[in-house]
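Chemist: Below, each chain spelled out in residue letters.
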Amino acid sequence: MRRLPNANSQPGWLFPTVFLVILLLSAVPLGRLAYAGLAATFRSGLPPVLFETGTWRAFANTLSTSVLGMFVSVALGVAFALATSLTDIRRKRLLGFAFMLPMMVPPQITALAWVEMSGPASPLLKTLGIAPPLGTPQPLYSIGGIALLLGVQHAPLVFLAMQAGLSAIPRDGIEAARLSGAAPRRVLRDIVLPLALPGLIAGASIAFVSGVGNFGIPAILGIPASILTLPTLVYSRLASFGSQTFADLAALSLLMAVICAAGLAVQQRALSGRDYRTIGLSGTSPVFSLGPWRAPVEVALWLVLFLILAAPFAALVASSLVPAYGVPLNAETVSLRAYGEILFRQSVTVTAFGNSAFLATAAALGLLVLSFATAYLLLHRKGPAMAFLLVLIEIPYALPGIVLAVAFILLFAAPLPVLGFSLYGTIWIILIAYLSSFFAVSLKPVLSAFRQIDPALEEAARLSGAGLARRMRDVLLPIMAPAAGASVVLVFLIACNELTVSALLWSAGTQTLGVAIFNLDDSGSSDLASALSVLVVAMIVALMALLEVLARYLPDGVLPWRR
Amino acid sequence: MATLILNHLSKAYDGGRAAVNGVSLTVRDGGFLALLGPSGCGKTTLLRMIAGFEQPSDGSIVLGERVISTAEGVLPPERRNMAMVFQSYALWPHMTVAQNVGYPLKLRGVKGENLRRKTMEALDVVRLADLADRRPAALSGGQRQRVALARCLVTSPDVVLLDEPLANLDRHLRAAMEETFRDFHARSGATMIYVTHDQAEAMALATEIAVMSEGRFLQVAPPNEIYAHPEGRVVGGLIGQGTILSLPVGEGRERSLDRAACHALLLGEAGGSLCDVLIRPEHVRPAVDGIALQVRECVFTGERHALTLARADGSLLKAFSAERLAPGSMAVFSVERGWRL
Numbered sequence: 001m002r003r004l005p006n007a008n009s010q011p012g013w014l015f016p017t018v019f020l021v022i023l024l025l026s027a028v029p030l031g032r033l034a035y036a037g038l039a040a041t042f043r044s045g046l047p048p049v050l051f052e053t054g055t056w057r058a059f060a061n062t063l064s065t066s067v068l069g070m071f072v073s074v075a076l077g078v079a080f081a082l083a084t085s086l087t088d089i090r091r092k093r094l095l096g097f098a099f100m101l102p103m104m105v106p107p108q109i110t111a112l113a114w115v116e117m118s119g120p121a122s123p124l125l126k127t128l129g130i131a132p133p134l135g136t137p138q139p140l141y142s143i144g145g146i147a148l149l150l151g152v153q154h155a156p157l158v159f160l161a162m163q164a165g166l167s168a169i170p171r172d173g174i175e176a177a178r179l180s181g182a183a184p185r186r187v188l189r190d191i192v193l194p195l196a197l198p199g200l201i202a203g204a205s206i207a208f209v210s211g212v213g214n215f216g217i218p219a220i221l222g223i224p225a226s227i228l229t230l231p232t233l234v235y236s237r238l239a240s241f242g243s244q245t246f247a248d249l250a251a252l253s254l255l256m257a258v259i260c261a262a263g264l265a266v267q268q269r270a271l272s273g274r275d276y277r278t279i280g281l282s283g284t285s286p287v288f289s290l291g292p293w294r295a296p297v298e299v300a301l302w303l304v305l306f307l308i309l310a311a312p313f314a315a316l317v318a319s320s321l322v323p324a325y326g327v328p329l330n331a332e333t334v335s336l337r338a339y340g341e342i343l344f345r346q347s348v349t350v351t352a353f354g355n356s357a358f359l360a361t362a363a364a365l366g367l368l369v370l371s372f373a374t375a376y377l378l379l380h381r382k383g384p385a386m387a388f389l390l391v392l393i394e395i396p397y398a399l400p401g402i403v404l405a406v407a408f409i410l411l412f413a414a415p416l417p418v419l420g421f422s423l424y425g426t427i428w429i430i431l432i433a434y435l436s437s438f439f440a441v442s443l444k445p446v447l448s449a450f451r452q453i454d455p456a457l458e459e460a461a462r463l464s465g466a467g468l469a470r471r472m473r474d475v476l477l478p479i480m481a482p483a484a485g486a487s488v489v490l491v492f493l494i495a496c497n498e499l500t501v502s503a504l505l506w507s508a509g510t511q512t513l514g515v516a517i518f519n520l521d522d523s524g525s526s527d528l529a530s531a532l533s534v535l536v537v538a539m540i541v542a543l544m545a546l547l548e549v550l551a552r553y554l555p556d557g558v559l560p561w562r563r
Numbered sequence: 001m002a003t004l005i006l007n008h009l010s011k012a013y014d015g016g017r018a019a020v021n022g023v024s025l026t027v028r029d030g031g032f033l034a035l036l037g038p039s040g041c042g043k044t045t046l047l048r049m050i051a052g053f054e055q056p057s058d059g060s061i062v063l064g065e066r067v068i069s070t071a072e073g074v075l076p077p078e079r080r081n082m083a084m085v086f087q088s089y090a091l092w093p094h095m096t097v098a099q100n101v102g103y104p105l106k107l108r109g110v111k112g113e114n115l116r117r118k119t120m121e122a123l124d125v126v127r128l129a130d131l132a133d134r135r136p137a138a139l140s141g142g143q144r145q146r147v148a149l150a151r152c153l154v155t156s157p158d159v160v161l162l163d164e165p166l167a168n169l170d171r172h173l174r175a176a177m178e179e180t181f182r183d184f185h186a187r188s189g190a191t192m193i194y195v196t197h198d199q200a201e202a203m204a205l206a207t208e209i210a211v212m213s214e215g216r217f218l219q220v221a222p223p224n225e226i227y228a229h230p231e232g233r234v235v236g237g238l239i240g241q242g243t244i245l246s247l248p249v250g251e252g253r254e255r256s257l258d259r260a261a262c263h264a265l266l267l268g269e270a271g272g273s274l275c276d277v278l279i280r281p282e283h284v285r286p287a288v289d290g291i292a293l294q295v296r297e298c299v300f301t302g303e304r305h306a307l308t309l310a311r312a313d314g315s316l317l318k319a320f321s322a323e324r325l326a327p328g329s330m331a332v333f334s335v336e337r338g339w340r341l
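Heads up: the sequence lines are chains L and H, in that order.
Okay, so the first sequence: first residue is 1 according to the UniProt record's numbering, each after it adds one.
Okay, so the second sequence: first residue is 1 according to the UniProt record's numbering, each after it adds one.
Calculated from the structure, these hints are not laboratory results.
As the structure is a prediction and not an experimental result, all values here were calculated from the model.
All C-beta atoms in this analysis are idealised placements derived from N, C-alpha and C, irrespective of residue type, glycine included.
Treat the hints loosely; a few may be bogus.
20 Å max Cα-Cα, derived SDA-like pairs, lysine to any residue [as the list claims (entries may be wrong)]: (1) H:111 x L:470; (2) L:382 x H:106; (3) H:111 x L:474; (4) H:106 x L:467; (5) H:106 x L:474; (6) H:106 x L:59; (7) L:382 x H:341; (8) H:106 x L:391; (9) H:106 x L:469.
Output of the computed footprint for chain L on chain H, the stretches with three or more beta carbons under 8 Å from beta carbons of chain L [claimed, not checked]: (10) 46-59; (11) 73-79; (12) 100-109.
Cβ-to-Cβ under 10 Å is the rule here; a few derived chain L residues that face chain H [to be verified]: (13) 5; (14) 88; (15) 92; (16) 119; (17) 120; (18) 121; (19) 125; (20) 129; (21) 345; (22) 457; (23) 465; (24) 471; (25) 472; (26) 474; (27) 478; (28) 479.
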């Protein structure tokens, strides 16, 4: 008799294939980076870049902007999370959604919008007649400006983490405290805040780590004023390509990775012993009535939103509609010339649209297939190998994009063995880096949807006589369709807006939308940069709205701006 | 159709604990076997081994002439021609009732009019033909259960497996569904294996009951046999609502005890070593002469009163009575039958 197979539902080739792909996307480039740093150190001592004052100035700038930015994020995020989770203010959902928008807007666009909103040449301020006199320095080109914008950009991360913590607080626990005799203020101090603390710590550390890795904001605000942070230092180093460059890049990237690891380690330490996974009914109904303070609090929250969201975007739109830099916007000067330029005449932007569309589509669809196979394996196999696989998927997403980009440069700069050509300078190196960086984004919705499916649904199909391909097609895929859709749209959204990775990996002809905006601004065409940014923001809002429509069919926690 | 043979079947998980421990059993073609036991006894693991989802760590499963599971490998579930009703029903939410039921046929290459006709036949059996175009979400629990059953019956499988199919239904629906299962078994003639922790369900449905505990079979017998002659304290306690008393049984070897023997034992006249004796409540009746017992509790259950009676040494017996008896009073009862475990 022919030997019978084991009682696994997955075919034998699936695990080795997935494992190999993930190794290539994660372990190999990161290993190459670590090797480059260590090998240079063993050969000729610590790389000289570590002894330059510029490096340590950038290190100090990175730390100060990230820490200050973290405080701004915490202040904004905590205020909004407490107000929307615990009080009886009105229009909470709208408030929450609007507050999440800065997270999805690419940082270079945020920076550009704020620059257009302030400073002597702002078309918006000129139009309103309140622009400072020419020659006044742009206040945002400073450590404080970078920190403020990092804070605004990452405040939604604190908000989300806090909100998740607050929503897990059992309502009956709060009611029990009230019945025990605690006044609302006392409940807040004794019950709510201690339980929300883990969320706050987690959110603050994510905001810090994101600040360390952020490229778009210090690039737009810092480079003109010669304030370099580690990511922008790496960027400028890459431009001056020399013999020592690879070792320098590796050393700087590892330095950044160390700061991030330290930030996460502090978080781990602060969180240990604070596992408050609560039991009981968690409620979303308001706990605290603000009474006469409700209207002032609402006004304050909307005012903050106006300042960090509406005003910069209005400035961006105004800049995109003026015919030339520094001209006020009015009925005579308004023109759509900039839109015509970027959409039809400038080959740079037209190519960028094409490149970003290709990269985002290929990354989204490629990762969907990979996520499907990985999620299926994760559900049907246990053991240390699978845990290791998950870590390998998470690391490239958690690392700053700059570090990942450097790793891929080191890996692909030399011609590929056997094949004999180099991927460096082609669009494929960007695509591979995207696959590596966004794998975790793509996997999350697919995996959580898989986890929610009753395993009996697949087993019933097996007993009905369906083989693996058949059950995938007939049973699993249709049930997973909303999550698969979310995965595709999310990756597409993030990949379209991506700047950090492509800023290091692009070359002539392979520029992405993010790079195009950055370069246009860098070369002084702020009207074109603004117009392109307005289009990108419109696309983001449209895609987010599409996901909102899908949200009903999705497992909780799939959309990054929803709990 | 074929006989299903379990041969010294074991399943041990990585921790070393055996969920199923060396069970052997032959289910004849067309038999209806109930696997009865408390939760965690290994009955679901056994069922999943029969389905091919779990690989035995020792022993084998033979269906007809064919070895379908050993520790070395298993025939994949999709090639076993078995069907299963899952505890959660496992209806595919994106397919209509008719598509759910017709799916196994579709996989066997049945198409067009033929597919439609066979699907509707199966739905007719469970009286759901009107709901063929609904989606599972629009059905009640009992209706979903019947769809799952129709999906099993549509391909005339060799073996039908049922994993606690009534656990999620309320009491009235259960009675109706038991009827449907019996009907289904009679019509299809399929070999059925039914996992449950409810002994009344097992009694009502099965032609044979296998009582499982801690991964082993304690007794395998037809329902009436297992009720009348259970083996050992665990089976005696699990099946029916008897009372088990430790009584001196004297020299007698006879396991079936008549009225005289029971009374002698209860009065302690036999002497000798202690032995477990099972006495069922329906065999304890109020009588003119017999044994005097104190009424501890009298609970009205609708069709009769359930009594708890105390012997002189404080040990308790259960009985039924048509009349209400005042708690605390003494009354005379006759014990008609007993069974030495």
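Chemist: Given residue 121 of chain L as an interface hint, is its Cβ closer than 10 Å to any Cβ of chain H?
Modeler: Where the cut-off is 10 Å and the nearest Cβ of chain H is about 56 Å from residue 121 of chain L, the hint is violated.
Chemist: How about residue 88 of chain L: closest beta carbon in chain H under 10 Å, or not?
Modeler: With a closest approach of 35 Å, the residue 88 of chain L hint is violated.
Chemist: When the nearest CB of chain H is found for residue 457 of chain L, is that gap smaller than 10 Å?
Modeler: holds, 5 Å
Chemist: Tell me if the straight-line CA distance from residue 106 of chain H to residue 467 of chain L falls inside 20 Å.
Modeler: At roughly 13 Å apart (the allowed maximum being 20 Å), residue 467 of chain L and residue 106 of chain H satisfy the hint.
Chemist: Would the hint on residue 471 of chain L be counted as holding, given a Cβ-Cβ threshold of 10 Å to chain H?
Modeler: holds, 8 Å
Chemist: Against chain H, run the beta carbon of residue 478 of chain L and see if the smallest gap drops under 10 Å.
Modeler: Interface hint status for residue 478 of chain L: holds (4 Å vs cutoff 10 Å).
Chemist: Just to be careful: measuring from the Cβ of residue 5 of chain L to every Cβ in chain H, is the smallest value less than 10 Å?
Modeler: Holds. Min distance 5 Å.
Chemist: Residue 465 of chain L was flagged as interface toward chain H. Is the shortest Cβ-Cβ separation under 10 Å?
Modeler: Nearest chain H Cβ about 4 Å off; hint holds.
Chemist: Have a go at the residue 120 of chain L hint: is there a Cβ in chain H nearer than 10 Å to its own Cβ?
Modeler: violated, 60 Å
Chemist: Hint check: residue 382 of chain L vs residue 106 of chain H, CA-CA at most 20 Å. Holds or violated?
Modeler: violated, 33 Å
Chemist: Keeping to a limit of 20 Å between CA atoms, is the pair of residue 106 of chain H and residue 469 of chain L held or broken?
Modeler: holds, 15 Å
Chemist: Taking only the CA atoms, is the gap from residue 111 of chain H to residue 474 of chain L under or equal to 20 Å?
Modeler: holds, 16 Å
The structure shown violates the earlier hints numbered 2, 6, 7, 8, 14, 15, 16, 17, 18, 19, 20, 21 and 25.
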